[in-house]
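*Asks:* These protein sequence lines map, in sequence, to chains A and B. So the first sequence is numbered by our numbering: it starts at 1 and just counts up by one. So the second sequence is numbered by our numbering: it starts at 1 and just counts up by one.
Treat the hints with caution; some may be incorrect.
Here are the simulated EDC-like pairs of lysine to aspartate or glutamate, each with C-alpha atoms no more than 16 Å apart in a straight line [unchecked claim]:
#1 LYS153(B) x GLU46(A)
#2 LYS156(B) x GLU186(B)
#3 LYS285(B) x ASP86(A)
Take a look, some chain A residues computed to stay more than 10 Å from chain B by CB distance [claimed, not checked]:
#4 MET1
#5 LYS3
#6 LYS18
#7 GLU23
#8 THR50
#9 ARG98
#10 GLU127
Going by beta-carbon spacing under 10 Å, a handful of chain B positions derived as facing chain A [unchecked claim]:
#11 ARG151
#12 ARG155
#13 ARG289
#14 LEU312
To be clear, the hints were calculated from the coordinates, so they are not data collected in a lab. Quick caveat: nothing in here was measured; it's all calculated off a predicted structure. For glycine and all other residues, C-beta sits at the position ideal for the given N, C-alpha and C.
Each chain is listed here by its residues.
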Amino acid sequence: MVKYAKDRHYLPTHEWVKLEADEAIAGISDYAQHELGDVVYVELPEVGDTFAQGEAFATVESVKAASDVYMPMSGAILAINEELQDSPQLVNEDTFGRGWFIRFHPSQPDEYESLMDAKAYQEHCQEEAERGGS
Amino acid sequence: MSYVPNTDADRGVMLKAIGVESIEDLFRDIPDSLRYPQLSLPTSVSEPEILRELREISEYNVDLDHAPCFLGAGAYRHFVPSVVGHMVGRSEFYTAYTPYQPEVSQGTLQTIFEYQSMICALTGMDAANASHYDGATSLAEAVITAVSAARGKRRKVIVSAGVHPEYRAVVRTYTQGMKLTVIGDETDATDASVLAGMVDTDTACIIVQNPTFLGYLEEPAALRALADAVHAAGALFVVSADPISLGLFAPPVDYGADIVCGEGQALGGGLNFGGPYLGYFACKKQYVRKMAGRIVGQTVDRRGERGFVLTLSTREQHIRREKATSNICSNEALMALAAAVYLTAMGKTGLREVAELCYHKAHYAANRLSALPGYELLSERPFFKEFPLRCPRPVDEINDYLLNEWGIIGGYDLQRDYPALPNTMLVCVTEMNTKDEIDVLVEALPAMEEEA
Numbered sequence: 001m002v003k004y005a006k007d008r009h010y011l012p013t014h015e016w017v018k019l020e021a022d023e024a025i026a027g028i029s030d031y032a033q034h035e036l037g038d039v040v041y042v043e044l045p046e047v048g049d050t051f052a053q054g055e056a057f058a059t060v061e062s063v064k065a066a067s068d069v070y071m072p073m074s075g076a077i078l079a080i081n082e083e084l085q086d087s088p089q090l091v092n093e094d095t096f097g098r099g100w101f102i103r104f105h106p107s108q109p110d111e112y113e114s115l116m117d118a119k120a121y122q123e124h125c126q127e128e129a130e131r132g133g134s
Numbered sequence: 001m002s003y004v005p006n007t008d009a010d011r012g013v014m015l016k017a018i019g020v021e022s023i024e025d026l027f028r029d030i031p032d033s034l035r036y037p038q039l040s041l042p043t044s045v046s047e048p049e050i051l052r053e054l055r056e057i058s059e060y061n062v063d064l065d066h067a068p069c070f071l072g073a074g075a076y077r078h079f080v081p082s083v084v085g086h087m088v089g090r091s092e093f094y095t096a097y098t099p100y101q102p103e104v105s106q107g108t109l110q111t112i113f114e115y116q117s118m119i120c121a122l123t124g125m126d127a128a129n130a131s132h133y134d135g136a137t138s139l140a141e142a143v144i145t146a147v148s149a150a151r152g153k154r155r156k157v158i159v160s161a162g163v164h165p166e167y168r169a170v171v172r173t174y175t176q177g178m179k180l181t182v183i184g185d186e187t188d189a190t191d192a193s194v195l196a197g198m199v200d201t202d203t204a205c206i207i208v209q210n211p212t213f214l215g216y217l218e219e220p221a222a223l224r225a226l227a228d229a230v231h232a233a234g235a236l237f238v239v240s241a242d243p244i245s246l247g248l249f250a251p252p253v254d255y256g257a258d259i260v261c262g263e264g265q266a267l268g269g270g271l272n273f274g275g276p277y278l279g280y281f282a283c284k285k286q287y288v289r290k291m292a293g294r295i296v297g298q299t300v301d302r303r304g305e306r307g308f309v310l311t312l313s314t315r316e317q318h319i320r321r322e323k324a325t326s327n328i329c330s331n332e333a334l335m336a337l338a339a340a341v342y343l344t345a346m347g348k349t350g351l352r353e354v355a356e357l358c359y360h361k362a363h364y365a366a367n368r369l370s371a372l373p374g375y376e377l378l379s380e381r382p383f384f385k386e387f388p389l390r391c392p393r394p395v396d397e398i399n400d401y402l403l404n405e406w407g408i409i410g411g412y413d414l415q416r417d418y419p420a421l422p423n424t425m426l427v428c429v430t431e432m433n434t435k436d437e438i439d440v441l442v443e444a445l446p447a448m449e450e451e452a
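Please work from the sequences and hints to get the whole structure.
*Replies:* Shown next as structure tokens:
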């Protein structure tokens, strides 16, 4: 059963972002990890790197494919999830929790409202599944 | 019966579809004069006649079975045990295509895996790929790997003048358009401390060759210090090495290499008129996902039995073309097989013996040649199987004399790449050079001076 956490927003390319005070955390959605299969490697950016919304900031490699991961909101990287280096399976096991990718400082907090909420994202995923995946 | 893929009617339909009258019309942009040049070929002859004629022409060539050879400079004549030819010539290997389907390619995959394992053992690296075209392209791939490992943020590449001049040229050609700055070989100096002084936070990697193109063995402590400086700046240390030398000297991992690559032709490959050769490539584990080329991995099937697959292929161009470190994943599988069979036949002891023979024979030659009037060693630096010899006259004159009068293939004329080294011959001696051959060379050189 694919989960859609309600306390965060989503990109059509299957990244989630959650605001915490003036910081944000991002990762990939439960739908995305289901589609990817077993994650074997996650390449993360360096602390201090800055990205614009929609720019690729990470790569996730599964037994099936390697995919870029896109920045849900513009900002500067504050921390990366070091745990993923040795335990990439956390992305499959706990994608909304310990499987987080980055913590960053959003430079344009308004961008959050332009993203899909859980309900809109769930519909988006259902449409995508009906079309036969992305 | 002739094989005709389509009928006149089919062709008529196709021509009509693209709006031309005839097939000839497709070539009308090419001037008539260039379309049917006069080839002035002789009249045809029978197969035995043409074989005889071609053999007569081929016998004008000087070949290594009949001429003593002191030419090296990156392509080396080493003994190739006959088992190498027997294995490489088997049609299962000889005609095999890329092993994309592991189910039907276990033999090919296993040979590549064994080859990779042996390259790791030789270099001390954690992982090796299935090989590249040659030593020059594998070095260029090492540069791209280093730039990729730095996520493209570092744009400077420092290359020692001790690296093969053709490899340096290929690195520059290969990385055109990548906005890299390749420096470090403006002068012939290969001093590790000078190179270390060039390293900064924009440096992706520094490249040295050991033994150098001139045959010199770099001081391990100096290389270690250079590696430390490179690592302190967050860059990678790339070493290009003659694999035969690794049978005798410390593996590059011992002095801090992150990537080790080079020409593998010496491992069971003939000189082959310059190709096919073998670019070997190995690196530390943390760069494996940035490594160019194809990798074969060992696994177990669902019954728990040993098997082999192309692994980490998500890095490769056929899945992530625009993000791949390199768009070349071809490898020299047959040459890699030759290297694996060679190393297996030689074993650790045999490879060491080959290297020792090269070392001792080259030193015997250096001692005798440098004692000749007008000849001296360029420097007293330690060397492996090649050394620069200062001569009393231009090297091409000497080589013409040696070939025409004595049937000897002389050494490499260093002035071709190092203008500051006129009259300097890079002499190469391997286990294939007999003591007699060296003694004849020692006899021939003064004879030239007497005749002159």
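*Asks:* Give a verdict on every hint.
*Replies:* Each hint, compared with the structure:
The straight-line distance between the Cα atoms of LYS153(B) and GLU46(A) is roughly 11 Å, inside the 16 Å bound, and the hint therefore holds. Our distance criterion of 16 Å between C-alpha atoms is met by LYS156(B) and GLU186(B), whose separation comes to about 15 Å. For the suggested pair LYS285(B) and ASP86(A), the alpha carbons sit about 13 Å apart, so the restraint of at most 16 Å is met. Non-interface call for MET1(A) relative to chain B: holds, since the shortest CB-CB distance, roughly 27 Å, exceeds 10 Å.
Every beta carbon of chain B lies more than 10 Å from that of LYS3(A), the smallest distance being close to 26 Å; the non-interface claim holds. Against chain B, the non-interface label of LYS18(A) holds: every CB pair exceeds 10 Å, the least being about 26 Å. Here GLU23(A) stays apart from chain B, with its beta-carbon at least about 23 Å from theirs, past the 10 Å limit. Remark: the non-interface label on THR50(A) is consistent with the geometry, its nearest Cβ contact in chain B lying 13 Å away (cut-off 10 Å).
A cut-off of 10 Å between C-beta atoms confirms that ARG98(A) is not in contact with chain B; the least separation is 22 Å. Taking the minimum C-beta to C-beta distance to chain B, about 26 Å, the non-interface status of GLU127(A) holds against the 10 Å cut. Below 10 Å, beta-carbon pairs count as interface contacts, and ARG151(B) has one with chain A at about 8 Å; its hint therefore holds. Against a cut-off of 10 Å between C-beta atoms, the interface hint on ARG155(B) is violated, since the closest Cβ of chain A lies about 16 Å away.
Here the hint on ARG289(B) is kept, as its CB sits about 7 Å from the closest CB of chain A, short of 10 Å. The restraint placing LEU312(B) at the interface with chain A holds, with a minimum CB-CB distance near 8 Å, inside the 10 Å limit.
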